[in-house]
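Participant: On the provided structure of chain A, position chain B as indicated by the hints.
2 protein chains.
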Amino acid sequence: MSASTPGGPQIAGHDSRADMTLGNVLAEHRRSRPHELAAVDGPVRLTYSELAARVDLLASALLQAGVGPGGRVLWLGQNSYRLLELILAVGEVGATVCPVNWRQSPAEIEFVFDDLRPAVVVWEAATFADVVERLASRCDTAFLEATDRSGDSSCESAIAAAPPLERTQADGALTQVIMYTAAHDGRPNGAMLTQQGLVASSFMHAAVNSLFEERPVFLAASPMFHIATLLGVLSTFLVGGTNVFLPRVTAKEACDLIESERCTWAYLTGPSISEVAEFATRPGRDLSCLRVPEAYVKTDSRWAGLGRTATSPWAHATGAFGQTETTGVISYAALAHGARGAAGRPSPWFQVRVVDPDGAEVDNGQVGEITARGIAIGPGYWNRPDLNQRRLRDGWWHTGDLGRREPDGSLSFVGPMTRMIKSGKENIYPIEVERCLLDHPAITDAAAVGVPDPVWEQSVLAVVVTADGVELTAEEVIAHCRARIASYKKPRHVRFVTELPRIGTRLDRDELDKQHGGGGYPGVGR
Amino acid sequence: MSASTPGGPQIAGHDSRADMTLGNVLAEHRRSRPHELAAVDGPVRLTYSELAARVDLLASALLQAGVGPGGRVLWLGQNSYRLLELILAVGEVGATVCPVNWRQSPAEIEFVFDDLRPAVVVWEAATFADVVERLASRCDTAFLEATDRSGDSSCESAIAAAPPLERTQADGALTQVIMYTAAHDGRPNGAMLTQQGLVASSFMHAAVNSLFEERPVFLAASPMFHIATLLGVLSTFLVGGTNVFLPRVTAKEACDLIESERCTWAYLTGPSISEVAEFATRPGRDLSCLRVPEAYVKTDSRWAGLGRTATSPWAHATGAFGQTETTGVISYAALAHGARGAAGRPSPWFQVRVVDPDGAEVDNGQVGEITARGIAIGPGYWNRPDLNQRRLRDGWWHTGDLGRREPDGSLSFVGPMTRMIKSGKENIYPIEVERCLLDHPAITDAAAVGVPDPVWEQSVLAVVVTADGVELTAEEVIAHCRARIASYKKPRHVRFVTELPRIGTRLDRDELDKQHGGGGYPGVGR
Chain A
154 MSASTPGGPQ
164 IAGHDSRADM
174 TLGNVLAEHR
184 RSRPHELAAV
194 DGPVRLTYSE
204 LAARVDLLAS
214 ALLQAGVGPG
224 GRVLWLGQNS
234 YRLLELILAV
244 GEVGATVCPV
254 NWRQSPAEIE
264 FVFDDLRPAV
274 VVWEAATFAD
284 VVERLASRCD
294 TAFLEATDRS
304 GDSSCESAIA
314 AAPPLERTQA
324 DGALTQVIMY
334 TAAHDGRPNG
344 AMLTQQGLVA
354 SSFMHAAVNS
364 LFEERPVFLA
374 ASPMFHIATL
384 LGVLSTFLVG
394 GTNVFLPRVT
404 AKEACDLIES
414 ERCTWAYLTG
424 PSISEVAEFA
434 TRPGRDLSCL
444 RVPEAYVKTD
454 SRWAGLGRTA
464 TSPWAHATGA
474 FGQTETTGVI
484 SYAALAHGAR
494 GAAGRPSPWF
504 QVRVVDPDGA
514 EVDNGQVGEI
524 TARGIAIGPG
534 YWNRPDLNQR
544 RLRDGWWHTG
554 DLGRREPDGS
564 LSFVGPMTRM
574 IKSGKENIYP
584 IEVERCLLDH
594 PAITDAAAVG
604 VPDPVWEQSV
614 LAVVVTADGV
624 ELTAEEVIAH
634 CRARIASYKK
644 PRHVRFVTEL
654 PRIGTRLDRD
664 ELDKQHGGGG
674 YPGVGR
Chain B
154 MSASTPGGPQ
164 IAGHDSRADM
174 TLGNVLAEHR
184 RSRPHELAAV
194 DGPVRLTYSE
204 LAARVDLLAS
214 ALLQAGVGPG
224 GRVLWLGQNS
234 YRLLELILAV
244 GEVGATVCPV
254 NWRQSPAEIE
264 FVFDDLRPAV
274 VVWEAATFAD
284 VVERLASRCD
294 TAFLEATDRS
304 GDSSCESAIA
314 AAPPLERTQA
324 DGALTQVIMY
334 TAAHDGRPNG
344 AMLTQQGLVA
354 SSFMHAAVNS
364 LFEERPVFLA
374 ASPMFHIATL
384 LGVLSTFLVG
394 GTNVFLPRVT
404 AKEACDLIES
414 ERCTWAYLTG
424 PSISEVAEFA
434 TRPGRDLSCL
444 RVPEAYVKTD
454 SRWAGLGRTA
464 TSPWAHATGA
474 FGQTETTGVI
484 SYAALAHGAR
494 GAAGRPSPWF
504 QVRVVDPDGA
514 EVDNGQVGEI
524 TARGIAIGPG
534 YWNRPDLNQR
544 RLRDGWWHTG
554 DLGRREPDGS
564 LSFVGPMTRM
574 IKSGKENIYP
584 IEVERCLLDH
594 PAITDAAAVG
604 VPDPVWEQSV
614 LAVVVTADGV
624 ELTAEEVIAH
634 CRARIASYKK
644 PRHVRFVTEL
654 PRIGTRLDRD
664 ELDKQHGGGG
674 YPGVGR
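Residue numbers (the numbering used here), protein chains in the order written: chain A, 154 to 679; chain B, 154 to 679.
Bound conformation, chain A alone:
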């Protein structure tokens, strides 16, 4: 303790920053809400006191199984209270858990397994017996079987046999969760999310969803291997609410649980909304406990039949920009009150810069790569040192997404950054040209390709699909663009085709280059 330095964390031997962990939140819940319900999952009902005791034992069991600081655990299962327990337990020992995307093929799951090299796999026998058999034959990882929502499993035996936990020092900067993201560069990459990042993001998530207003009960029905559902669970946990786990969405079970557990919120997407709405509106049902965001009701009438209208900031404006690697949302429309950019403004956890390829901030109105920094930004991808070096340049996380600051300073998301075209020192992002081309009423699909140019290094080739029976000339296409975007961005060449190559819904840009002579891109740092 020194009186001469006003700064510095001066609690002897203790940096209070280390305290920003979900484990410390759990320690306080154990004291503050011992009898409140933390988790519901089929027949399992755990109070915060019971959850905390189980997490200690599970952490001890993981240590016994060789998962120490820096160790990895793979969760091969659907939504379950066990995944929440695992996240908290690995946090206690400074280790990491990866909830696998169980919709992937066995080969894809094997890729994750080989990439992660987990010391322990916790798996649900009902769904993953075949996968586990293949994995078990080729390594010495420990496999703890966790029969769904039952007390009879090797996972429960390990918990029962665990000695008292010897805790390691909490540290918010440690990675706690690894989530594999879409394979934009040909293979999935495991985004590392830190203890403090999960706390910070959950806090903001709680604030924009008004979870401090009434004790939340969350229906975790959408897959928890997606960051949105995970944050739903963790923000509910953060404020001491109840998480209700459903392995996967089925409309009747979702409705039954919302009704019986009085769920106050849930994430439902796509087809499940219709199905749930159909069940919800049957006579005798009472789902008035569920808060339904106003914005959802406005854009999708199927929501109208579900519950009552929510009044949280998020409920009014659900526009946002973020990614798994930033532990979720960076920028919220809900924080931008009438601003021009649909992605709104950053939460107080983030700073954002829109930059050119040299890392210089571009002027408002110009498109560039969105970069961010702040306490919720993770340390990059597991086992990808080269990629991390490119993505974490100059202390800023390079999102690989294009954006623009509007004149009022708010953000617009433009699209994923793909090949950047460089023409006469100017940067041209294909997506900008493509958006302009698609504004033409006669054009139904379009791609912009960078083709080698002896004078300009590269120039833009527009590859377009026109509506049936419409005649369009190259000059007309070029004139359309010249009137709408900077002249250097307009196509110099146009090709008419009947179809563009795609992988799923995404343009297959490798194939486009191959078909149309694209090449010479200066690289965009992905």
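A few of these clues could be false.
Stated by the list, open to error - Rough simulated footprint, nothing fancy, chain A against chain B, three-plus residues with beta-carbon under 8 angstroms:
no. : stretch
1   : 389-403
2   : 660-674
Unchecked claim - Away from chain B, derived, C-beta distances all over 10 angstroms, residues of chain A:
no. : residue
3   : E181
4   : F264
5   : R438
6   : G472
Simulated from the structure, these hints should not be mistaken for laboratory data. Remember, it's a predicted structure, so these values are computed and weren't measured experimentally. From the three backbone atoms N, C-alpha and C, an ideal C-beta is built for every residue, glycine too.
Facilitator: For chain B alone, coordinates are given in the frame of chain A:
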């Protein structure tokens, strides 16, 4: 960048925890909301872009004046946009500002000056000319005069002459604000509040006041040398709202500003409420912009005439426990939804333990000292190494306040810890006995004093004042207590007096001991 360690902040040369500073919030506001109004103060109106530019210059001017990392600045002024600028500017250079309690006597202000030893004093000529004259004669501190809300001052000249700022590395663990608190132990002590603590507390303050819901406009009328008003300003700043500064509360000006600037919230206390309400309800006034907490209206009808009813968590339940040293509120009734303890439950930033004098957690229902840890806890008091060592034992901040966990885990605040009586190994806090005594209908005032006891080390002496004309015996008083509190806590002796010695409203316990033979207290770690 290492692929073999999953944890650790791996942005090269950058610990993202350092980012939790108000300065980083300002940097992002400058980008995200350049044209939005940050501050209003008399004729001064500053956008976030203008505020950020001025803060950079002020920071540079402070550096020039010798305020580097660890340096101190004293603010001798009432509420002003200049104090917000100073807080942000010292943050930029790793220094600290102390907003003086201007209600103190010149001698008390001199004590703070001598204790703080500031390199620079920024002062308002209108109010502090006499004080500054006395201070200036005895040291070589630089004095920057900041004539109220005017551009013509030595402070403005220093800003105008400042070279571009060379920033130091942001670090959330540094002390940014020092606030002198009440002189419980005979002299005021300067509580050190860190950059990260101010961000964390402001974030929670924003959440419980629903500041993410609509852009807030805060009337800073109550003194900013109190943590509640300061957090009102900083939480409004955090979410990019407007702060409207009024040097001190006058009812007409407050009403005029609420109306003209469309203020959405304010702190008003005591007599100012009546005065403001009187002005607010005059014909032609429209203060419908102001959100008035429901809980205030219920307990004090004068609020009813002001504005519309607020719906934030805080508006429904304003019970709380906290102190300046913990950067404000630790525990909120608003987070406890029907719990028994009036102080509710801790915010996610805090862990709380109620402990005995040996630091062991006491059982629920037992009274002990409230201790806390977490990211918003500061490093203690400026220039008080011995006191800090006592208050920060075992990595926990000892609040010097007594509390109790109810059976449901929620917290009750019992009262300030004063002398603890030790009787036969049992701890007895005078305030518990005093509360019991005051429950007796015939007792109008009471104190519990520890008197030496040959067998029990100490025993309890009750010193009581009875209502006029009521006869009461010692036996009756003891029987009353025996029926209500643990037997070992009951008084063994009773003395009847006509008056108890007080300092202001507080019991003068030194004088009580002197008058009634108290002594032999084992010490309570303050």
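Participant: All the hints need checking, so say for each whether the structure fits it.
Facilitator: Hints, one by one, checked against the model:
1. Taking a C-beta to C-beta cut-off of 8 angstroms, the stretch 389-403 of chain B contributes 3 residues in contact with chain A, enough for the three needed, and the coverage statement holds.
2. Proximity of the stretch 660-674 of chain B to chain A, defined as three or more residues with a beta carbon under 8 angstroms from a beta carbon of that chain, is not established by the 0 residues found.
3. Its closest Cβ contact with chain B, about 5 angstroms, brings E181(A) to no more than 10 angstroms, contrary to its assignment away from the interface.
4. At roughly 17 angstroms from the closest C-beta of chain B, the C-beta of F264(A) stays outside 10 angstroms, upholding its exclusion from the interface.
5. Interface exclusion of R438(A) from chain B stands, the closest Cβ pair being 26 angstroms apart, more than 10 angstroms.
6. No beta-carbon of chain B comes within 10 angstroms of the beta-carbon of G472(A); the shortest separation is about 14 angstroms.
The structure shown violates the earlier hints numbered 2 and 3.
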